Amino acid sequence: MLHIVVCIKQVPDSREIRIDPKTNTLIRQGVPAIVNFYDLHGLEEALRIKDEFGARVTVVSMGPPSADKALKQCVAMGADEGVLISDRAFAGADTLATSYVVALAIDKVGKEWGPVDIVFCGKQTLDGDTGQVGPGVACRLDFDQLTYVEKVEHLDDSKKEIIVHRHLEDGVERVKTKMPVLITALAELNKPRRAALPGVLKSVRYQPVVWTTNDFPDIDRAKIGLKGSPTIVGKTWVPEPKKVDTQMLTADSTDKLANELLDSLFGTELPAKLGWA
Amino acid sequence: MAEERKKPAVGLQPENEVDWSDYRGILVVVEQRDSVAKKVSWQLLGESKRMADKLQAPLMALVIGHHVEQLAHEAVYYGADKVFYCDSEELKDYRTRPYSKLCLHVIRQYKPEIVLFGATYTGRDLAGAIATHLPTGLTADCTQLDVNEERLLMASRPAFSEKMLATILCKQFKPQMATARSGVFQALQRDETRTGEIITVDPQMPENEIATQVLEFIESTQGVNLEDAEVIVSGGRGLGGPAGFKVLQELADALGGVVGASRPAFEAGWISHDHQVGQTGSTVRPKLYIACGISGAVQHTVGMQHSDYIVAINKDPEAPIFKIANYGIVGDLFEVVPALAKAMKSRKKGNPQGVGAVIGDAVAAAQSVHN
Ligand SMILES: Cc1cc2nc3c(=O)[nH]c(=O)nc-3n(C[C@H](O)[C@H](O)[C@H](O)COP(=O)(O)OP(=O)(O)OC[C@H]3O[C@@H](n4cnc5c(N)ncnc54)[C@H](O)[C@@H]3O)c2cc1C
Ligand SMILES: Nc1ncnc2c1ncn2[C@@H]1O[C@H](COP(=O)(O)O)[C@@H](O)[C@H]1O
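Residue numbers (our numbering), protein chains in the order written: chain H, 1 to 277; chain P, 1 to 371.
A few of these clues could be false.
[To be verified] Straight line, CA to CA, 25 Å or less: simulated PhoX-like cross-link-like pairs of lysine-lysine:
no., chain 1, residue 1, chain 2, residue 2
1, H, 273, P, 39
2, P, 348, H, 273
3, H, 235, H, 223
4, P, 323, H, 243
5, P, 171, H, 227
6, P, 101, H, 223
7, P, 349, P, 246
8, P, 101, H, 176
9, P, 92, H, 151
10, P, 345, P, 246
11, H, 22, P, 163
12, H, 160, H, 108
13, H, 22, P, 323
[Claimed, not checked] Here are some chain P residues the structure puts well away from chain H; computed CB gaps all over 10 Å:
no., residue
14, 22
15, 56
16, 295
17, 318
No lab work stands behind these hints: they were computed from the structure.
Here the structure is a predicted model, which means the values were calculated and not measured.
We put the CB at the ideal spot given by N, CA and C, even for glycine.
Please take these sequences and the hints and turn them into a complete structure.
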């Protein structure tokens, strides 16, 4: 049976994040935590493969203890197991340190519940927003990576082959590769399902498996958390809001209004730059 | 290859203190398809030239592909002092393993202190793999780049849905790596009199070791490349349905632009996701952005607020989009947009007053007779 791992992260709902105008810092209080939007598309694709071919779906997340809610949500949707990798020592990790720990965890998941064929990650997170953790994990596991996937066209579970469509700026690439493989999911991939009753019932009592540094005897402590992160945040600032003197245009007919706008635009450098002149 | 996979590469980071002093210069990894370079590659060379001069270090470029010799020369014309260039059949299409192996080889042999990639799908895929292998720090999606007296790359990027900017540094490792957005930096004027050294590099991975195969590339016909567009006419929930985009398309055609959308327009199935602007869509910086029937929620405006000129057309005078617009029109987009398209078309025909205006007035007059 196929074994699929889905990497998810609990992130603050960025709709709710505001900037404190006095201190210019982020107000995180009261900001609800959600499962990163793209990760749910990864989970949905794993569940579709499970529905069609039969598969074991294990969800993995590195985060604080409160992230167990995110894993329970995934179990409610249909995941078989959730693993929370949680330890104070992991805090402050950048993408390099995160991919190290997540890759170690996936390796361990493979040892506990069978070799892993596919890993799904999201395209990127709403908070980290780099899309670097997926390629990092693939590289450490020595899996082939297929990023920005918008469609799984074909999957052969006996030959362990997969054909996907990768989204690029100027088109779509059909790519074939052998499992094991790591895929990063775009929103176009699918529409995440709502949790159905059996899953919801299972999730109520469900407690995710929790692993700390002690569960990884070979872990290199120099490579985790803040200390293991090569990138550091130098300074942060709130960009000056763009100051615009909005000019509201009015006229007694729509056509005059249209020409008034064009007159204004033709009075700028736009016609020269855009070749209208 | 699949049979003899290595164990997870746990021992990635250098064991002891490393002397990085022989790492010098800036390397830009040039991205191409079918021997045509992505604009962002030359833009990065332009920005890097300024930094390389500050560092008094060479500016280098890496060109990978098949039939790409001309691009090696182009890289010189756009400012590179030294170009590494690898031309081989198996490198025709981008694939992570052979490309990253080649980049790693060049980085280890020629030791640049900074390596930059375009923050494209391919650039981000490649940079993420390389940074992990080296290992080193990688900053994603930068919109500002600079170097300081300690030769540190100050890579700045938007954070928390563009509400903040953060400068990221990497002090411990070399090279310092970043991906940077398209359309933000200026390319140098192409100059065929510039000279530079071109160094041929051998491919590092034979085809039979590469599991991934690119079966085909389907160029998007109705899809758009918003990031490179100079004019975008965007529609939101106010369009009321897919037909509204036909109206916008006409204006976009007249202005030489493309059509964009807000998230609800995509979610309702009126248009495909590659048209979506905003936090969960594309970040765009066109010269002109016309928002039609879009209220101006922050998740939308983070993706378009840096456009040179913004025009907003909305029925609701209180719509927040007007706060960031240079020009605002309170009105029904189904009247204003066709009128604009018509007026623009007649101006392009060489009638600055706009024949459209005259015809439009005639129609209005005719209607008032009937009323
Ligand atoms: C995590 C997250 C990510 C998101 N990402 C994005 C994103 O990437 N991009 C994005 O756009 N949104 C995004 N959103 C959604 C965002 O919050 C807003 O809901 C959305 O931008 C609103 O779209 P709209 O302006 O088209 O619709 P509305 O807010 O409903 O505005 C419609 C406007 O049309 C006007 N109107 C109606 N009829 C007419 C007419 N005939 N003529 C003229 N004007 C008319 C109305 O006055 C109104 O102002 C995201 C939300 C979340 C939670
Ligand atoms: N802490 C984490 N735990 C598990 N998966 C993660 C974590 N951080 C990132 N990921 C995965 O990597 C993807 C890209 O994240 P990022 O590089 O932060 O944009 C996410 O969509 C997740 O699938």
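A quick look at each hint next to the structure:
1. Distance hint between residue 273 (chain H) and residue 39 (chain P) is fulfilled; the C-alpha atoms sit about 17 Å from each other, no more than 25 Å.
2. Of the pairs offered as hints, the one joining residue 348 (chain P) and residue 273 (chain H) holds, with about 15 Å between alpha carbons and a cut-off of 25 Å not exceeded.
3. Taking the CA atoms of residue 235 (chain H) and residue 223 (chain H), the gap is about 23 Å. The hint holds against a cut of 25 Å.
4. Restraint check: the Cα-Cα separation between residue 323 (chain P) and residue 243 (chain H) comes to about 9 Å, which is no more than 25 Å; the hinted pair holds.
5. For a cut-off of 25 Å, the pair hint linking residue 171 (chain P) to residue 227 (chain H) stands: about 12 Å separates their Cα positions.
6. Taking the CA atoms of residue 101 (chain P) and residue 223 (chain H), the gap is about 23 Å. The hint holds against a cut of 25 Å.
7. Between the alpha carbons of residue 349 (chain P) and residue 246 (chain P) the distance comes to roughly 22 Å, so the proposed pair stays at or under 25 Å and holds.
8. Note on residue 101 (chain P) and residue 176 (chain H): the hinted pairing holds, with a Cα-Cα distance of about 20 Å set against a maximum of 25 Å.
9. Restraint check for residue 92 (chain P) and residue 151 (chain H): satisfied, since their Cα atoms lie roughly 23 Å apart, inside the 25 Å limit.
10. About 16 Å separates the Cα atoms of residue 345 (chain P) and residue 246 (chain P), which keeps this hinted pair within 25 Å; it holds.
11. Between residue 22 (chain H) and residue 163 (chain P) the CA atoms are separated by roughly 15 Å; this keeps the pair inside 25 Å, and the hint holds.
12. Only pairs whose Cα atoms come within 25 Å are accepted, and residue 160 (chain H) paired with residue 108 (chain H) is accepted, the gap being roughly 21 Å.
13. Restraint check for residue 22 (chain H) and residue 323 (chain P): satisfied, since their Cα atoms lie roughly 21 Å apart, inside the 25 Å limit.
14. Consistency note on residue 22 (chain P): stated as away from chain H, and its beta-carbon is indeed over 10 Å from all of that chain's, at 19 Å minimum.
15. Every CB of chain H is more than 10 Å from the CB of residue 56 (chain P) (nearest about 23 Å), matching its label as outside the interface.
16. No beta-carbon of chain H comes within 10 Å of the beta-carbon of residue 295 (chain P); the shortest separation is about 14 Å.
17. The beta carbon of residue 318 (chain P) is kept farther than 10 Å from every beta carbon of chain H, the shortest such distance being approximately 12 Å.
Of the numbered hints listed earlier, not one is contradicted by the structure.
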